[in-house]
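Student: Residue numbers (the working numbering), protein chains in the order written: chain Y, 1 to 174; chain S, 1001 to 1634; chain C, 2001 to 2110.
In short, the hints are calculated from the structure, not lab data.
Be careful, since some hints might not be right.
[To be verified] With a straight-line cut-off of 30 Å between C-alpha atoms, the simulated BS3-like cross-links for lysine-lysine are:
| no. | chain 1 | residue 1 | chain 2 | residue 2 |
| --- | --- | --- | --- | --- |
| 1 | C | Lys-2107 | S | Lys-1332 |
| 2 | S | Lys-1381 | C | Lys-2107 |
| 3 | C | Lys-2107 | S | Lys-1267 |
| 4 | Y | Lys-36 | C | Lys-2066 |
| 5 | C | Lys-2066 | C | Lys-2086 |
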Amino acid sequence: MTRRILPLVIFFVLMGFLAQSLFDSDSELPSPLIGKSIPQFTLQNLITEEMYSNEEIIGEISLINVWATWCVGCEIEHEFLVELSQDENLDIPIIGLNWKDDDQLAKLWLNQLGDPYSIVLKDPEGKTAIDFGVYGAPETFLIDSNGIIRFKHIGPLDREIFERDILPVLGELN
Amino acid sequence: MIPELGQIFLVAALASALFQFLGGISPLLNKIENIETFIDRVTTFQTISLVICFALLTTSFLQDDFSVLYVASNSNTALPIGYKFAAVWGGHEGSLLLWVLILSLWTLLLSKDKALKSSPDLRIQSLSILGLISLGFLIFILYTSNPFERLFPIPLQGRGLNPLLQDPALVIHPPTLYAGYVGLAVPFSLAVSSLLTVNNHQWAKHARSWTILSWMFLTGGIALGSWWAYYELGWGGWWFWDPVENASLMPWFIATALMHSLIVTEKRELFNGFSTLLAITAFSLSLLGTFLVRSGVLISVHSFASDPQRGLFILVLLAFFSGSALMIYSVKQKKNKQEKLHPLSRESLLLLNNVFLCASAGLVLIGTIYPLILEMLDLGKISVGPPYFNFVILFPFIPLLISIGVAVFSNWSHDSKNLIKKVSPIILGAIVLSLLFPLIYGWASLLTLVGVLLALWTILTGVSPLIKNQFSINKSMTYMPMMLGHIGLGLMILGITVTSSYGITFDDSMGIEQSSTVGDYEFRLTEIGKRNGPNYLAQYATIEISKDGEYIETVYPEKRVYDSSTMGMTEAGIEANLFRDLFIAIGEDIGGGSWSMHLQYKPLLRLIWYGPIVMMMGGLIRVFLSKRTIGSSQ
Amino acid sequence: MFFTSGISANELDTNDQMRYQSLIQEVRCLVCQNQSVAESNAELAKDLRREIKLQIQDGKSDIEIKTYLLDRYGEFILYEPAFTQKTFFLWFSPIILLLMFYGWFRKIGN
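The shape of chain Y in the complex, shown without the other chains (with noise of 0.2 Å):
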């Protein structure tokens, strides 16, 4: 009997597995680096040209936002970004990555859309992007006072995304 029932038995879970995977199916990539330090890098300022390492950027609790003008993601969230760095409130730096882009056009876009980091490193061969696994533009880590990072979200940032999944990791650390 079972030899009779056990091809109608694999079939429904493999069905089952495949209604669930169609519903819940997640595309963002898990980062293996939530809960270790951020990698170590020597960077260019983008404005004043002073190389920063990671030491000297941790501290305090900051985002570091990956962005370069060629994408399409950052153009979307950059307005929240501004708006976010505005707010007394929070008082968060945002600390920005500019990501294999072109100095000038980085400038104009942060004279004409606003400027929202406190600092903004350019890595333009991507090599730390690489470090930082970074795989698509926009990205935005949220690091604690010793570097380490705490939580990473992929693609544009919004008011909705930032309250339901970064300030409930913000209220942890204070």
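Use these hints to put chains S and C onto chain Y, whose structure you have.
Tutor: Quick look at chains S and C alone, frame taken from chain Y:
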């Protein structure tokens, strides 16, 4: 007007599919001749309606009627006319219409099968089941994927066809593959119909030719897809173990097993249950393939249209058809005829080979959906790709290839005597020939040698009936399908082994008048330029290939940017003969007048596609022979 | 897009070129649909190819390079899943399937 007419015929097809289904279960038509006439008429009517539908959709494409949403999304005025035909099945809606059209054509052909007319119960029931399948898909089309849907406001220009699809091989690849997928509905319907009616091994005789025909289309479709991926996707790979490729490979393994199992069921009345289960599985895997391709649950290079809602509908259809078939199987299937098999008899070896084929299909299935299952169980995301599949497929395939050759020398019903004496000259021949390969190409690895040896063993055992009959084609005609099938398989395995072991891939930067050497071949870049195509702009390179200072050929690889898309397309330059392929693709401009170039030397690569062609010829001869014997017996 | 990163591998010797070719075929291009970084022209794929090439030139072993990628992108990036508890069934499936089907074969054969 034309789209509305299309809608009407779509509904007409739906109605006839419904009647085709009801014809098989309706007690109203009590006289069997009446039912037969009725079912034959609605089957014909459904096919005609769908042909008209398809013609009307094609007309909309040819007229650039962008008031039709589907046309606007998959074509534009600049599209060359040939590709406007191909664009009809370039998207989801048209693909499905093609799917049901092909199903109705298979159904019509089945209804014309003279031999089947001798078993009216089986015939009516299976036509009815095919009607039900068609009904399911037509509801799906009308409900979620209507190709005739209007668009307002009417755009001035369409979005254009995906550049990847603008290719001659892609014009015939989907119809061929679909013909294979959908054709498996015929043995499925015969198997289920047999369970519901006569419930004996009779169906096997009728299902054989249909299985072989669909298997041929499936073989051709997969080979075409591989060939297309090789020259169009840009980097010279011919098999990626991509979910969409796997979706076509699984039914192929099972259809191959079914084809062989049916021989035993027909000749020896054995394994009826196994054949029935294979027939159900083969079509279920076709539907699963359709689901995987259309739903977008798995990310694939080949998935061009995907939508979860549509995925759900296909899943429901799959659950319904396969689920009911399996349920009918578990209730109705009688115990197999009991007979002790001799381990080296032909039926036993065929069964063993089928088990290896089923294991292969199972491995591909597990590898394809394993990431999905882990994700559903919240165990994270993993990728399962070529390194995994290339390794695990050896487990069923090495014993399969060994035993294929042995099976050729076996006899029905009893252990073959002197088996060792019969096969030893062939083994010796295969060993001697396989040693030539390290001499020609150099030593690669033990696995390479095993691969070559097994390929030659398969080829030589395939040729052996011809040798036994003193090379008389006439005398060995009945063996021809088996011979060609096995020789084709052997050639393909040989191509795969040699090209993967001895192929060279090289990335180099080249400036004008610079050259690069790959193996014995020298590639010289003489020119870089730009040219305009009908709907794209191309950057091309002129490359002269020579060997030992002797000029061979000039190729012109291109990088295209289509007007309708920002995506760049690589058109490789290929110089090929039976013994080797030389492949060159343009990479990127690295400044200073230099370009990165992707160069490949692939020995015996063509066998990977010639092998399947030989296999298909075997299938064709089998179908032809069976028609002739049926004709002569009447 | 705006950059032309010289990532041709002509500086690699034959053996390293072979390692490079096989490595880039095992690394998934995360922004592509389902392609390895060898097959893709996406910016990320180019960067990863360059990184892999540099690391080969630095004398890193295949395992070191794979660990480097795993640490940053997670298991999804490699086409060959590691043998762990959760891939146990995946890696043993050839043996399990063959045994299962062999049992079945014996049953039908009797």
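Student: Hint by hint, where does the structure go against what was stated? Just the numbers, ascending.
Tutor: Number 2 - this is the single hint that the structure violates.
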